[in-house]
Structures are given as structure tokens and as C-alpha cells.
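Going line by line, the protein sequences match chains F and S.
Position one of the first sequence corresponds to residue 1 (the UniProt record's numbering), numbered consecutively onward.
Position one of the second sequence corresponds to residue 1 (the UniProt record's numbering), numbered consecutively onward.
Hints listed in this document are in silico derivations from the structure and should not be mistaken for laboratory results.
Hints are supplied without guarantee of correctness; some may be wrong.
[What the hints assert, rightly or not] Over 12 Å on every C-beta distance to chain F, these chain S residues come out as not near it, computed from the model: (1) GLU83; (2) ALA99; (3) SER143.
[Stated by the list, open to error] To give a feel for the contact side, a few chain F residues facing chain S, derived at Cβ under 8 Å: (4) GLY6; (5) PRO10; (6) LEU11; (7) ILE280; (8) PRO311; (9) GLY359.
For each residue, glycine too, the CB sits at the ideal point set by N, CA and C.
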Amino acid sequence: MVPFAGFSMPLSYGDVGAVASHHHVRTSAGLFDVGHMVQSNFRGATATAFLEWLTPSSLSVLAPFSSTLSVLLNERGGIIDDTVITKHADDAFYVVTNAGRRERDLAWFRAKLAEWNASEHAAAGKVALEVLEDWGLLALQGPEAAQYLQNLTTFDLTTLTFGRSAFVPVKGTKLHVARGGYTGEDGFEISIPPAQTEEIAALLSKSPVQLTGLGARDSLRLEAGMCLYGQDLDEDTTPVEAGLTWVIGKDRRETGGFIGAEGVLKHLKDGPPRRRVGMIVEGAPARQGAKIFAPSSSDLVGVVTSGIPSPTLGKNIAMGYVESGWHKKGTEVEVEVRNKLRKAVLTPMPFAPTRYYRG
Amino acid sequence: MFSAFRQVSRPAAFAVRAAHRPSVGAFRVASFARTLVTVRYTEDHEAVKFDDSTGTGTVYITDYAQSSLGDVVFVELPTEGTEVSKGDQIGAVESVKAASDIYAPISGTVAEVNAGLADQPGLLNKSPEDKGWLCKIKVKDASEIESLLTEDAYKKHCES
């Protein structure tokens, strides 16, 4: 057990090692207790416009019961948090944010809501925030996840493709189920009212599903090329630098109109000074903080933000930031690990192919 | 005496557990030579098994260390022939999640490294003391061994 964002969380369960646990999710199915994450509802007639002010996403054109990765931006365009936003209707959104950013995010939401509701933007109706305190959130992930969940519900999961969500009946309760996750595998994130969380967790963790800890969660997400807030993203990084330009709606790249737009649009127009990249490192795994140099020189060109020996690839994978110009795939660099320079080659992410269900 | 012999012949998993018992393991008699094998520990959860007939200490991580680390997937070892001083960082043991540095528990010259760990780093978990040894150091000053922790002192360190 390790402390994590105010929770005590398991790195692994029982005597299943982190590597075996990782492989189990890639080949079968694993269940992650991610109830520490912050689940919120935004409701109100101007909810779409409010969230389009807080994020650069095109939520007005997002289909109902669809989700998108998004970012909360500060006034400079730096990322306050990354988040998954699910639209239920123009006036109803379900938002999941990081536990480690709980205080910052909720204070930000509340301050911006007060500002919004007091302004003429809210003339057509105010927006209310409801934090789903103590609700459970379970992520069932892996190639056998869909078959397992299908056996527990009458809902036809073949109709639920990646990025879609639905209220799915399980044990007489309709649970919010979003298809997606943080592993690169097919899977589901299931939101559960407090009273039923334990019962549903027990139901979802029978063979072949294995309970999966934080250790495997980190290695799986990194193989999938996904960011961990606090390591790969922070308030001094714009989504353009972070390789998350795709979360910025096409219309919004012109019109802006969101908090932090000036900084973001400048990076879009002029190019960002540095970019998030993936790399494969020879010799030894490069970890967070390892310096990246131009080959055979002492020119510092970047820094590693996450790195592991990849259980799936058997290679040392890492992500980090390098100066623009050094970011193209195939570029050779050197990474310092324990005072020795190790060769590394910039490699497109995801490192392990994603296997989402797209119908 | 008999108990010491039996312990030596046990499978590695048992030997590791035996290492935690207070009264055995620190000294033992091997074959016919009058050889003293001394095991001492460091606060960084390494152990060195010193054989006074060869003047060589075999360095390994303790069972406590391997179980705290979890699955070891990568081991970096020093180059044979390297001169090391006590406390020098000489390599690393890595799980998927984290890297732990290996420090030289004693001063001397790296005589041999366990090449088998390159292909089978998991030996560190399965058999930290025996098959998963890290390196052998030709010890410069045998008295340095005595400055390390005894088994009892190491156990207290782990519990504190």
C-alpha cells in the first residue's frame, strides 16, 4: 500500500507481481479501483458554454453520451488538469478529474462558476456543480472485459463503441458505463453509487478478472502513450507542447474564446518551444528527471517525465519533452542515467498498439 | 553444526527464510578447509558474504529488499576490474516502477559479476542470496567487514 492523493492505495494485490498483473490486463482482464478520482456533474442551460470556456473542447458538437479527453487551462494556457468529459445533453455533463488535483480543480470550478453565474453569459440559465462524493469508479480493462461485463447485463455492449457511454443495468441498478480507459485496451469505466460500490466490485472481480494495482496502471498507461498529470503535464505546459492539440476543437483553434486561449493559439501559430515525445532507451530505463542530450555533445535538449522498462515490449520506454526541432521520430538523442549517457531513439506513441472497440 | 549443514543444503527459498532467524547463518564451516564465511548487512538492504580464504565478498540484496522492490526486471552491474570504495554507487536494481541504486558495501575490486542476471533479472526475487547474487568484490581491507551490520542489527534496522 502506498499513499496516493490522500488515499492509501495498493501497488499490487496479493502476491500477483506488477509484471504478471500488467500482462493479465493485456491478455485477459483486470479491475482497477479508481474511486479516488473526482466525479462531478455540471448541469444547467448554459453548461455547454461554461465548459467551452473552461476547456478548448468543441462540446457543442459532441454527440450526447460521448466522451472526450480534455484539459482545464489556466490563464496562460497551462494545463491545470486533464479530464474526461462526457456529454449527456447540452445541459448535462459528467466530468472525471484527477484525485491529485482535487483541491485545485474544485476551487477553480467553484471560482469560475461564481464568475459565470454572475455574468450575462448565464442569462439563459445558471450552471450548478455536483461533486459525486464517495461514489465508486471501477475500470474494467482488457480484451476479455467486454465478454465479462456482457454476462452481467442485458444491455447490448456491441452498440457501445469506444468513447461512448450509457446507463447499463447491472444487478437491478443502472450504472454509468463509459467505454474507454487508461490502459490502451478495450474496457469500461463504471460509476457506482456509494451503497452499491462494494457489491459491484465483488461482482466484477471474479475469474478471469484480476484486481490490478497502481503499479500496473502506470506501466499500462505509459505503454499506451498516455500522460500522468504531475509527471507529464503541469501548469507550465500547454496542450500544444503536450501533444494534445487534438483535444482542441477545430473551430476553437481559430475562434478561441476559452480561458488560456491566447497562449495556446500562439503555440499553435508559431509552434511550441518544446514538445512531448516518446523514446526507446538502450541499456537502462530512464526515469522521471533524466536529462536528454544531443548526441555526442553536452547540449541539453530535454528531460524525461516518465520512463519504465516496458513489460509488453521488453524495451525501455520513456516520454519526455524536447526542444522543437529535436522532436521528429527517428531522431537519435542521449539520455543520462546514473551519470552515463545511453542512446535513445524518438519513437511514436503509443508504444504498444491500442485495441479499442470501434464496432 | 548439523543444523548449519542442513541449512546449506536446503533449497534457496528456505535458506532465505533461514537468514532471518537469529541464531544461524552468520558463521558456517564449508568442506574441509578452515574457512570462515561471515555475512554482514548494510542499511541499504544489501548483504555481503565474506569468505576469508579467498578474501572475496559476494554482494547480494536481502530478501527484505527483493520483496519490497517487487518484480525485478533490470539489473545494472559494475564492470569487472572496477575499483570501488565503500558507499560508491555501482549499479542498480529496477522493478517496472522504480530504480534502486546498488552501493558497494565494502571497498575493493570487482572480481566477478553475475552475468546470468542480464537474461534473468527475476533470479533476484526467486533466489536473492544464492542465484541472484550481484557481484564479487576482492576485499581491500577485511576489517571493513566488521564495521557492517550483524544479522541482529540488520533485523532491528528493518523493523525500525
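Taking the hints in turn, this is what the structure says about them:
1. Every CB of chain F lies more than 12 Å from the CB of S/GLU83, the least distance being 16 Å, so the non-interface label holds.
2. Distance to chain F contradicts S/ALA99 as a non-interface residue, since its nearest Cβ pair spans about 6 Å, not more than 12 Å.
3. Look at S/SER143: its CB is around 30 Å from the nearest CB on chain F, clear of 12 Å, so calling it non-interface holds up.
4. A distance limit of 8 Å between C-beta atoms decides the matter here; for F/GLY6 the minimum to chain S is near 20 Å, and the interface restraint is violated.
5. At its closest, the beta carbon of F/PRO10 sits 12 Å from a beta carbon of chain S; the interface hint therefore is violated under the 8 Å criterion.
6. Interface restraint check: F/LEU11 against chain S, minimum CB-CB distance 7 Å, threshold 8 Å, status holds.
7. Given hint, F/ILE280 at the interface with chain S, is violated; its Cβ is 14 Å from that chain's nearest Cβ, farther than 8 Å.
8. Against a cut-off of 8 Å between C-beta atoms, the interface hint on F/PRO311 holds, since the closest Cβ of chain S lies about 6 Å away.
9. Taking 8 Å as the C-beta cut-off, the interface hint given for F/GLY359 is violated, the closest approach to chain S being about 33 Å.
When the structure is compared with the earlier hints, violations turn up for hints 2, 4, 5, 7 and 9 and for no others.
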